[in-house]
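Visitor: The residues making up each chain are set out below.
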Amino acid sequence: MLYTLLLLKKIGMENLYRNTAPEFKTVDSVEILPSLKHSLSNNIPVHIINGGSQDVVKIEFIFNAGIWQQKKPLIATLTNTMLNEGTSSLSASDIADKFDFLGAHIGFSASKHDASVTLYSLKKHFSETLALISDLIKNSIFPEKEFKTILTNKKQQYQIDHQKTNVLAKEKFTEMIYGKNHPYANIYDSSEFDNCSLQDVKEFYKEHYTPNNCHIIIAGKVDDNVLSEVEDLFGENKWTNQSASIDFDHKIISSKEKSAFVCKDDAVQSTIRIGRKLFTKTHPDHTGMQLLNLILGGYFGSRLMQNIREEKGYTYGINSILISHLKDGHFTIVTEVGAEVCKAAVQEIFIEIKRLREELIPEDELTLVKNYISGELLRNLDSPFALSDGLKGNLPFGLDNTYFAQFIKDLKAVTAKKIMELANEYLQLDDIYLIVCGPKECEEAVTFPN
Amino acid sequence: MIEFDKFTLKNGLRVIVHRDETTPMAAVNILYNIGAKDENPERTGFAHLFEHLMFGGSINIPNYDEPLQMVGGDNNAWTNNDITNYYLTVPKANLETAFWLESDRMLSLAFSEKSLEVQRSVVIEEFKQRYFNQPYGDVWLHLRPLAYKEHPYQWPTIGKSIDHIEKATLEEVKDFFFHHYAPNNAIMVVAGNVDTQQVKELSEKWFGPIERREIQERNLPVEPTQNEFRSKRIESNVPFDAIYMAFHMGKRMDEDFYIIDLVSDVLSNGQSSRIFQSLVKEKNLFSSIDAYITGEFEPGLFLISGKLVEGVAMETAEAAIWEELNKMATTKVDEYELQKVKNKVESSLVFSEISYLNKAMNLATHELLGDADDINKEVEKYQKVSVADILNSSAKIFRKENCSTLYYYSKK
Chain U
1 MLYTLLLLKK
11 IGMENLYRNT
21 APEFKTVDSV
31 EILPSLKHSL
41 SNNIPVHIIN
51 GGSQDVVKIE
61 FIFNAGIWQQ
71 KKPLIATLTN
81 TMLNEGTSSL
91 SASDIADKFD
101 FLGAHIGFSA
111 SKHDASVTLY
121 SLKKHFSETL
131 ALISDLIKNS
141 IFPEKEFKTI
151 LTNKKQQYQI
161 DHQKTNVLAK
171 EKFTEMIYGK
181 NHPYANIYDS
191 SEFDNCSLQD
201 VKEFYKEHYT
211 PNNCHIIIAG
221 KVDDNVLSEV
231 EDLFGENKWT
241 NQSASIDFDH
251 KIISSKEKSA
261 FVCKDDAVQS
271 TIRIGRKLFT
281 KTHPDHTGMQ
291 LLNLILGGYF
301 GSRLMQNIRE
311 EKGYTYGINS
321 ILISHLKDGH
331 FTIVTEVGAE
341 VCKAAVQEIF
351 IEIKRLREEL
361 IPEDELTLVK
371 NYISGELLRN
381 LDSPFALSDG
391 LKGNLPFGLD
401 NTYFAQFIKD
411 LKAVTAKKIM
421 ELANEYLQLD
431 DIYLIVCGPK
441 ECEEAVTFPN
Chain X
1 MIEFDKFTLK
11 NGLRVIVHRD
21 ETTPMAAVNI
31 LYNIGAKDEN
41 PERTGFAHLF
51 EHLMFGGSIN
61 IPNYDEPLQM
71 VGGDNNAWTN
81 NDITNYYLTV
91 PKANLETAFW
101 LESDRMLSLA
111 FSEKSLEVQR
121 SVVIEEFKQR
131 YFNQPYGDVW
141 LHLRPLAYKE
151 HPYQWPTIGK
161 SIDHIEKATL
171 EEVKDFFFHH
181 YAPNNAIMVV
191 AGNVDTQQVK
201 ELSEKWFGPI
211 ERREIQERNL
221 PVEPTQNEFR
231 SKRIESNVPF
241 DAIYMAFHMG
251 KRMDEDFYII
261 DLVSDVLSNG
271 QSSRIFQSLV
281 KEKNLFSSID
291 AYITGEFEPG
301 LFLISGKLVE
311 GVAMETAEAA
321 IWEELNKMAT
331 TKVDEYELQK
341 VKNKVESSLV
351 FSEISYLNKA
361 MNLATHELLG
371 DADDINKEVE
381 KYQKVSVADI
391 LNSSAKIFRK
401 ENCSTLYYYS
411 KK
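Protein chains in written order, with the numbering used here: chain U, 1 to 450; chain X, 1 to 412.
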């Protein structure tokens with residue numbers, strides 16, 4: 001009853017056309033806060049993004065001290081984590097206490113090619129928090145007791161994570177496309193936690209946390225004071241470690257087998273991973289593939305999300321991503337589905353890939369994804385902190401954040417025909433890997449279409 | 001200090017506008033005063049399932065997402081036991097698209113059978129993904145009914161069980177919409193690069209014509225005081241034992257809410273916090289441990305959850321937690337320690353105000369709880385807390401007969 005009344009109400013209204021979308025504007029360019037480059041007296045590059053509404057500063061120290069540079073599993077991560085565990089003048093609990101009292105947050109992360117220490121500080125406490133960070137980076141002592149605790153806890157976390165189908169499927173996938181021993185796969189057994197030596201960690205620290213192996217990004221309210229404080233603590237003759245580190249090479253060995261099933265018998269859902277090795281973001285086809293990726297599985301309106309979730313209800317979510325490491329990259333589709341629909345879901349994913357190879361994408365869909373991604377860039381790059389993350393990702397490729405403006409420009413030029421060409425070049429079944437991790441009955445889902 | 005303007009439309013829709021010129025975007029956040037606590041105990045999970053249906057097309061607009069994506073927008077929503085919150089962001093020039101979309105789904109949904117059928121399956125997969133396909137994922141399904149015997153907080157937002165979701169009908173969906181979704185049961189916050197005059201005009205134009213609706217009266221059962229210790233033991237296919245303890249505390253708007261929040265911070269906010277230092281670092285009893293509050297609108301829970309280091313006995317781990325809690329309840333924290341957690345709170349508030357979307361959500365919640373301007377009084381409320389307050393509130397909460405403990409054993 002109430003329902004009908006509302007309908008009548010609608011007809012009675014003047015000048016309000018609820019079934020017609022209002023006028024809108026497309027995002028044609030993205031105005032991005034520029035980054036300025038400085039050098040400390042010892043040539044450490046410092047990139048500065050100055051802006052934002054709050055009186056806060058983020059400073060990130062990035063070292064070429066990642067998984068790529070380690071000789072044994074876990075060393076890069078452990079070294080990075082252990083920076084927080086004691087210096088020649090402060091114990092781990094002193095450090096924690098001081099940072100907490102100043103309301104600062106520090107983050108540690110080790111990734112494929114680098115490891116970083118990030119400080120988020122209120123501007124008013126920056127001098128004190130920076131001095132603490134400086135102590136951690138330059139005077140860490142790696143106490144045995146803290147090392148043991150961290151190993152125990154990280155090992156347990158590893159064992160918990162390895163109960164998850166998505167973790168197991170991801171490991172199998174990266175192992176197959178990069179090879180078991182390649183840093184981009186970074187696969188190791190839980191017994192490695194028992195074999196780690198503190199000596200290896202200390203050596204890794206000495207060789208890699210050095211001034212000639214470091215660059216710095218500062219974002220937020222950055223004035224001349226901030227910069228001179230950084231110079232005072234990290235400039236010439238301020239470092240304990242000096243020696244340079246030597247980079248080495250790793251060969252990719254992709255598996256000849258193109259599919260695998262990982263059994264996890266008590267799982268109620270299975271994880272599907274479908275993808276291939278691809279290229280880095282400096283490749284000329286990267287922008288086009290970004291767009292293709294978006295159409296296929298890169299946003300909520302994507303074909304996979306619409307088909308597998310919104311049409312069939314097989315999953316809570318399905319996504320595809322393009323990963324660009326420094327020297328190589330990959331493309332992958334990931335989803336978790338009920339065991340009973342696993343086989344059907346795999347086949348539907350292949351149907352969507354085939355459609356990209358065989359049918360031109362309609363113009364309105366192409367326009368929509370172009371508009372969407374432009375808005376997405378604007379949304380994701382609207383604060384100095386977000387921009388500093390973007391810059392961190394761009395710098396290793398010799399790029400800065402002007403990359404994003406160029407990306408939007410190149411994106412607008414990609415045609416439907418180009419998308420189809422890319423699909424035919426990069427998404428042939430022969431090049432694609434298929435991994436399923438789930439209960440036994442899902443094994444039959446590991447089947448390529450004819 | 002977050003500045004904002006506030007006005008109410010004739011149909012009861014409250015609108016708050018917050019201007020932040022540092023972003024090129026605008027956010028529209030609409031909070032509906034309806035959550036899992038309002039559900040029929042035989043149809044739990046309904047508020048959240050309904051949230052999914054809000055994306056299944058509205059009366060005049062067959063597809064919600066596409067027109068938004070076309071203008072560079074993005075959206076999402078979440079449901080908890082108290083509220084359902086929808087938000088979107090658009091480049092500032094396309095703000096009207098947001099008003100067009102949101103007002104139409106407040107006016108009426110398309111109510112499609114197909115959408116209901118699909119979203120039932122999607123939510124069931126979400127249920128499995130979050131609760132059954134993760135180690136320790138089902139904790140809340142055990143702990144909530146242990147702690148609550150009468151109050152609807154006894155079930156998690158996702159629902160008590162999958163078969164409740166399977167039973168939902170389109171009639172129920174319609175009924176739910178017209179009794180809970182209405183301008184007079186919603187708060188809209190528009191934040192970002194916007195101005196109040198523009199928001200006023202757009203609000204009148206798109207939301208003004210929607211009729212006020214009669215909202216089903218909320219009449220929640222009161223949870224009786226817990227008088228004896230409760231516990232439950234389960235075994236599951238997980239690698240390590242874990243322990244979960246729940247203590248009853250007051251409502252979000254109670255005087256001592258800020259005190260108890262700081263109690264949880266003394267215990268576990270940051271690496272210098274008590275239980276991290278003592279139970280993880282010094283005694284090596286836990287590989288991870290946390291203390292936190294649910295922060296729910298109705299009387300909520302203070303929770304402790306920890307994963308035991310392999311080889312540590314459950315009794316030893318439990319006794320060590322109690323030792324820390326008893327210390328809180330019998331000995332004053334020192335001024336420095338209290339100041340430290342206050343500083344941390346103040347700092348996280350400063351950082352949280354970087355995001356216009358965050359501000360929009362927080363303004364909406366504060367307005368529903370009483371007054372949007374309370375957002376600017378929070379720091380003061382934390383600063384006022386004394387060491388005596390911490391002691392008294394700890395003594396009130398950390399009593400064995402106020403505790404429900406879940407022993408989660410690894411099946412080995």
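Derived by calculation from the structure, the hints in this document are not laboratory data.
For glycine and all other residues, C-beta sits at the position ideal for the given N, C-alpha and C.
Be careful, since some hints might not be right.
[To be verified] Straight-line distance between alpha carbons at most 25 Å, and here's what the computed BS3-like set of lysine-lysine pairs gives:
(1) U:K124 x X:K283
(2) X:K283 x U:K148
(3) U:K312 x X:K114
(4) X:K384 x U:K154
(5) X:K174 x U:K312
(6) X:K411 x U:K164
(7) U:K25 x X:K396
(8) U:K98 x X:K342
(9) X:K384 x X:K400
(10) U:K154 x U:K164
(11) U:K98 x X:K281
[Stated by the list, open to error] Pair ranges (Cβ atoms, derived):
(12) X:E214 x U:D161: 25 to 35 Å
(13) U:F248 x X:K114: 48 to 58 Å
(14) X:M253 x U:E363: 46 to 56 Å
(15) X:K114 x U:S254: 53 to 63 Å
(16) X:M253 x U:D28: 44 to 54 Å
(17) U:N139 x X:P224: 55 to 65 Å
Visitor: So, for every hint listed, does it hold in this structure?
Guide: Hints versus structure:
| no. | hint | verdict |
| --- | --- | --- |
| 1 | U:K124 x X:K283 | violated (36 Å) |
| 2 | X:K283 x U:K148 | holds (12 Å) |
| 3 | U:K312 x X:K114 | holds (10 Å) |
| 4 | X:K384 x U:K154 | violated (39 Å) |
| 5 | X:K174 x U:K312 | holds (23 Å) |
| 6 | X:K411 x U:K164 | holds (16 Å) |
| 7 | U:K25 x X:K396 | violated (57 Å) |
| 8 | U:K98 x X:K342 | holds (14 Å) |
| 9 | X:K384 x X:K400 | violated (29 Å) |
| 10 | U:K154 x U:K164 | holds (16 Å) |
| 11 | U:K98 x X:K281 | holds (17 Å) |
| 12 | X:E214 x U:D161: 25 to 35 Å | violated (50 Å) |
| 13 | U:F248 x X:K114: 48 to 58 Å | holds (57 Å) |
| 14 | X:M253 x U:E363: 46 to 56 Å | holds (53 Å) |
| 15 | X:K114 x U:S254: 53 to 63 Å | violated (42 Å) |
| 16 | X:M253 x U:D28: 44 to 54 Å | holds (47 Å) |
| 17 | U:N139 x X:P224: 55 to 65 Å | holds (57 Å) |
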